[in-house]
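**Student:** The sequence shown begins at 1 in UniProt numbering and counts up one residue at a time.
No lab work stands behind these hints: they were computed from the structure.
One thing to keep in mind: the hints can contain errors.
Using 20 Å as the maximum straight-line C-alpha spacing, the simulated SDA-like pairs for lysine to any residue come out as follows [stated by the list, open to error]:
(1) Lys-2 - Leu-54
(2) Lys-22 - Asp-36
(3) Lys-33 - Ala-59
(4) Lys-42 - Asp-5
Remember, it's a predicted structure, so these values are computed and weren't measured experimentally.
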Amino acid sequence: MKIGDQVSFKLEGQDFTGFIDKAYQNSFMVTFKSDDTEILDKYHDRVVINKKKLKLIKAAPETDPESDNDEV
Numbered sequence: 001m002k003i004g005d006q007v008s009f010k011l012e013g014q015d016f017t018g019f020i021d022k023a024y025q026n027s028f029m030v031t032f033k034s035d036d037t038e039i040l041d042k043y044h045d046r047v048v049i050n051k052k053k054l055k056l057i058k059a060a061p062e063t064d065p066e067s068d069n070d071e072v
């Protein structure tokens, strides 16, 4: 998994989906949306969660640094 990937996870017994914003050694910072005011007040739409607790939904598009130099 990498920055930009869409992931799913459980938080306080509820299922959420979000996007990876930052990678750490054993975890990721994930941005997500919630309609639950208690979750919103506690997490402010962001959570740091262990990599093992995340499931990949959709990988972010690959960026090819070589293709940026195709000017002729």
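**Student:** Determine which of the earlier numbered hints do not hold for this structure and return their numbers in increasing order.
**Tutor:** Violated hints: 2, 4; rest satisfied.
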